[in-house]
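So the chains spell out like this:
Protein chains: 2
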Amino acid sequence: MAGRAAVPEVIWARPERTGRGPRPAFTRADIAAAAVRLADAGGLDAVSMRHVAAELGCGTMSLYNYVPRKEDLYELMVDAVSGEHDLFEPTGDWRADMLRNARQTKALMHRHPWMVRLMSGVYGFSPNALRYLEHCLACLDPLEAPYGTKIELVAMLNGCVTTYVSNELSTAERVRSLPWSEEQENAVRIAYLGGQVASGAYPRLAASFAEDSGPIDLDAVFERMLGRVLDGFSPRG
Amino acid sequence: MAGRAAVPEVIWARPERTGRGPRPAFTRADIAAAAVRLADAGGLDAVSMRHVAAELGCGTMSLYNYVPRKEDLYELMVDAVSGEHDLFEPTGDWRADMLRNARQTKALMHRHPWMVRLMSGVYGFSPNALRYLEHCLACLDPLEAPYGTKIELVAMLNGCVTTYVSNELSTAERVRSLPWSEEQENAVRIAYLGGQVASGAYPRLAASFAEDSGPIDLDAVFERMLGRVLDGFSPRG
DNA sequence: CCTAGTTACGTACAGCGTACGTAGTGCGCT
DNA sequence: AGCGCACTACGTACGCTGTACGTAACTAGG
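Protein chains in written order, with UniProt numbering: chain F, 1 to 237; chain G, 1 to 237.
Read the hints as simulated data drawn from the structure, not as lab findings.
There may be inaccurate statements among the hints.
[Claimed, not checked] Facing chain G, according to a computed beta carbon distance under 7 Å, are these residues of chain F, among others: (1) Arg111; (2) Leu137; (3) Ser166; (4) Leu169; (5) Val188; (6) Arg204; (7) Ser208; (8) Ser213; (9) Phe222.
Cβ atoms here follow ideal geometry from the backbone N, Cα and C, with glycine treated the same way.
Given these sequences and hints, build the entire structure.
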């Protein structure tokens, strides 16, 4: 009766099983996996309590026994894919190791494009996130710096990767739910942008368009960015 | 009759006024201002088509004459606050100027905390965003580098500022709509985190907690971050 | 054994974005 | 001048959302 208290809690602090009552039909991992499956297939908007419940084959409201709020479902999802990180053995070369981590994160976000929308809004203290953070700190053992600085490094690198992928995917993820194609969308935007630039109101922007730099190599842009971030933390850099 | 085509378009490409028919009762600026007012007062979730219409004093569906999709309303909002940037005269010291721009952006996002949620998802080619970009490029005139690099700089700096503020505000903006206080929320999260760290599963994380570095000076963290980003673009840096 | 705490889930409500139909208005063209 | 069309305005309605609440079945601890 009175067990339905609306009390502040982190889902990770609430035990998955308390012992009383019937055996739960699912684990948190089941639920997270179902939600991730839906998001991968149909974007984040396809993840509704009803859809996840249907995917699991249970009533909608039964989900609330496992996940008190929708936001907690998001936390489960983020934790689940955070577990996809390969926590390799540090090599002793912290720069190379962190590059590897960053590339992995990028690949992970390409696999799960909805992640970028969840990263800004979820806390990042889920078990797998903590494991990943600990792994990064292990990679940074060779770097002589206080832990505070190392955590700043990890945060900045992750942030940059997220922002980068977010820009990369901003059309792709959005376009999924629109009734027209990405080509159309881009064509319209480029036409508009070209018109603006041609208006003469933005001379430097126009110059940058005119600058002949060949086709943009996104991978190179990404790698340059990583290098710059790491440079900022290298001794005598 | 047939004028309600669902055609891909950027709202900025659609003229605000076509000449035919009755005078529109509002300008885009009116609508953006109303939405911004609501978001400032009640968070982004308070911005619904119905609420904005009520704030303007018109019927809900009338809004759709001005704003074909909700997403376009978001674009109007982002453009409106982008116009709050002070496009000062460049001083010739590109580093100082970009620092000033970044600090301004941070202040702007503190004034409108909902912006961080919109920044990842909106395109950023609105008139005021273009003006701001052009201004940044003007500040970067003294830097000898191709425009491609300068744009990478602006993107990275903006991205880092956004990420930083996002982390800073992740609780604050969220907590607004929860039925308990931020103190409670934080207490619960810290208790949980402390427990995890104390479990011994994360030795380096535990060490970083134990590290005595005095109270965290967020402003200093922010400034360090800016410095590192700019260092990555400084000649012989 | 009993009972308190859980699981399961149907119903219901308030709110959302928005498709569509209709009525009224005034510019542009003939 | 006046016809017609593009536009504004907006009520109604639909399908969807998160989730509060009530009820019935179940099981482990006292």
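(message) Need the list of violated hint numbers for this structure, in ascending order.
(response) Per hint list: 1, 4 and 9 violated.
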